[in-house]
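Sequence order for the protein chains is B and W.
Numbering-wise (this note's numbering), the first sequence opens with residue 1 and increments by one.
Numbering-wise (this note's numbering), the second sequence opens with residue 1 and increments by one.
Please keep in mind that the hints were generated in silico from the structure rather than gathered at the bench.
Hints may be right or wrong, so weigh each one.
[Claimed, not checked] Only some residues are given here: those of chain W computed to face chain B with a beta carbon under 8 Å: (1) Asn55; (2) Lys59; (3) Lys78; (4) Tyr95.
[Unchecked claim] Here are a few chain W residues that sit away from chain B, every Cβ distance over 12 Å (derived from the structure): (5) Met1; (6) Gln96; (7) Arg111; (8) Asn112; (9) Leu256.
Note that beta-carbon positions come from the ideal geometry of N, C-alpha and C, so glycine has one too.
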Amino acid sequence: MLRDITIGQYFPGDSVIHKLDPRFKIVITILYIVMLFSGGNYLCLAVGAVFTIGAILLSKIPLKMFVKSVKPLFIFLMITAVINLFFMSRGNVLLHWKFIKITDEGVHTSVFMVIRIVLLIMGSSLLTYTTSPITLTDAIERLLSPLRKIKFPVHELAMMMSIALRFIPTLIEETDKIMSAQKARGAEIDTGSFTTRAKNLISILVPLFISAFRRADELATAMECRCYHGGEGRTRLRQLKSAPRDYIALGVTALFLAGVIVLGRLF
Amino acid sequence: MAILETQELTYTYSPGTPFEKTAVDHVSLKIEEGEMVGVMGHTGSGKSTLIQHFNGLLKPTSGKVLLDGKDIWADKDKIRDVRFKVGLVFQYPEYQIFEETVYKDIAFGPRNMGLDEAEIKRRVHETANDIGLSEELLERSPFELSGGQKRRVAIAGVMAMEPKVLILDEPTAGLDPAGRDKILEHIKRYHERTKNTILIVSHSMEDIASFADKILVMSKAKLFCYDETVKVFARADEISEIGLDVPQITKVFGELRRRGLDFGKEVYTVGYARDLLLRKLKEREVR
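Looking at chain W on its own, in the form it has when it is part of the complex (with noise of 0.2 Å):
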């Protein structure tokens, strides 16, 4: 069963007035327990908008959100419980730090559950521990981190929650590569141990296209495509079309094809890529 799902979601911000803009509309999609899914979409695409529905902090105009096969919005005072089970991860989420240690801050999420001292710690300690913060820094005011820390250390605070499903925002924006690099990985790392279901909104397709299972793609507030990541890169024209960038390797690999190359069109990350050439390569030499 898909642990979440949206039917016919539709949000418009600040109706009736002239400001009144529909951000997602009629959106109807499944998202399977265990997968790692990329977003994509244009800014002001409604990709955040409809993240911000999947833990309730916005009701739809129209439409249902399921988790779990259960309507969210069935028992209003029940919405807290959906936030600890859908962690969002916002964007820039440094700037939501305020405690005076690391380790207060990374607790916040788990004392609002109302868990004991002794789970807190257990949770803050190996959360810590798969973002790659070490010991030493829990007891250090957040603020004295670096950048790249801040945004673990607020990562981190909702992984603490243990939510069934973690959602990022553009986690990586505004790092440099080898920031980037790190927190992937650690996400990725996350995602393996704990097998729990991971959205990450991006842009760059860069970051997505090496490990997610599927890619959803948001464009005008419409589901422009949701499927597997091979599925959606083979439509690489349409999606350059939308305004979105492909990968650099699944450009160049465009760009063999016009010329009279055809390799396929599941070409999107480095990796498969080298493998595919030395392969034909080979089998060259084997003729």
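Looking at chain B on its own, in the form it has when it is part of the complex (with noise of 0.2 Å):
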């Protein structure tokens, strides 16, 4: 049930697209978007096409898994398309009635957009399946490390990213237990009306609260008893070294992101 979330979910494994320089895969992600973006005809978006489908094989992550990625926002895509084929005036009209008047401009727009959602929200969980929130993190914290000479707190924000995102499985799995616990006192969580439903979602949110908090607390006190204090001059345990691949993914990346534009400029 909640276990079946895969936002951020990460799928350990040795592929090439794994051992890439987290640094780097936030930059080659980056610019992959902006590919996405700036190619505005068919053959730019089938050029980012090869290249999600190549990151995917290259990654040896089942296929299955980034059809999942995509489910939970079906809606938001199908709204998407909804929208785009019925407000869209400019264009030939296919189809006049009543007031709804499809063109085939609006055709075209809202099936181009439901491929570019689909690819780039396929791409960013190439990006959570293969890193490690942990090195994800750490990568953050080296890209934006120059903004520590105007006093914003890298270090700080790197490191409530990461206890953020270790304790989303803990509460998951939090969650399932206290659910399961209340299921067998009876509570209706599944199933039932909407009111009831509600009101037992109190049991579990109320416990949950209490163990976040406990939690919270435990995690301060266990820093504290070890000296953290914060990150100036700490070192690292795992050191982000970048190797010739990761240059040859980034000049990839790049001249994909050429070939795209140039495309759009051509045609």
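Using the hints, put the two chains back together into the complex; each one sits in its own frame.
The following block contains the structure:
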């Protein structure tokens, strides 16, 4: 049930994609997003799709997982498609019935947007599937470190992020447990009318909040016991080192991006 | 007739992902009405997964769970009734407490059953008495109580539904010896009064040995053995081999046997051992 949530989930493995330096992976993902949004025609999108599929194949993560990552956003996709379909007034009219007007331009943009968003979700899921949350925040900290010059608390931000990420699975598990316990006492959570379900939510939220606060307290004590005092002069256990393959990956991405831009201009 | 029965029960977590794991593997067993059963197994042996099938919190990947001879999943909409008949107390149940007063928290289950106020009141008072919570505690906030008291409030919350089968997952985990004895004592008393079937999960043999009629041992997702307490502890060596602890007194008598003093294999409680030794000593004196 709750365990089925895949957003932010990490799939251990040792493919080329897994081994890439996380800093490069973040930069590549940003370039990838730029790539998807800079191309205005199907050819550009096709290039983006080739890039996505290539990366997915290299990661050796089952395609099913990517389908799963798109699923929760299905309604959002549908709304996007419908809005584009009905509210695009440019182009030749294909169908005109009372106030509904569908144009070829509308069909075109809605299909285009849906493909673009699906690719966007798949590509960014690839980042979280292949990078553990801890290395991801490490990388973000390093990428943002120039901001320290203007007194931006980069380390503290990264620490907060890694703690938050670290506790997502714990809290999900906890929620699952509390839900089971209350269900065992006959609370209707998956079934029953909307009001009873809403009422029973209290029986889950109260224990969940209590345990979250307790955990926060325990963690703060544990950190203090180990003399944690922020980022000043801290060294790290895992040093991020870039390898030739990182530069190659970045190069390939840049090439694709350039290709998309050129194709967008030509056609 | 067996009150609870499983037939080739199998459960797999996250099938089709890299995290796929079979936690319960083709388990078939029968639990008779009124029995006190100890469930043992290592962490990750599948015992917690197994018990969550008994009240329909988990749906078997394959196989069946029968309650009173009826498949509990035959009618999906009736699964809530199964939960009232088979009460499950989770590990560290005090973390599920949420009401403002002890009374209200114990009443949560009975209220979900749709009972009237008078009946709820009767049950809350009766179970509070069973589990050893005094009357004046009922109007206090559960969050002011001690750890052991909170645990008992949570157990009472399930007992108050008056389930025919009560399952407790490690009811004594993390308690001091006094708290542990108290809880076990009260569970025993509840069993004597209601004659209901009780399953207690524990990895402490010491806890279970003294009062379980039967013992169920899980190992690596499979049913290792399920038999009368005496017979299970007679296999102390095998049980040690799968990484479970046998009661200290059993170990002592095992060592005595190895050194040539055989008193039989059924020693698993200190009281029994004392009586046995006294008897043997007397026989010697007579001779």
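Status of the hints after comparison with the structure:
no.: 1; hint: Asn55; verdict: 6 Å, holds
no.: 2; hint: Lys59; verdict: 11 Å, violated
no.: 3; hint: Lys78; verdict: 11 Å, violated
no.: 4; hint: Tyr95; verdict: 6 Å, holds
no.: 5; hint: Met1; verdict: 24 Å, holds
no.: 6; hint: Gln96; verdict: 4 Å, violated
no.: 7; hint: Arg111; verdict: 8 Å, violated
no.: 8; hint: Asn112; verdict: 3 Å, violated
no.: 9; hint: Leu256; verdict: 44 Å, holds
Consistency with the previously given hints fails for numbers 2, 3, 6, 7 and 8, ordered from lowest to highest.
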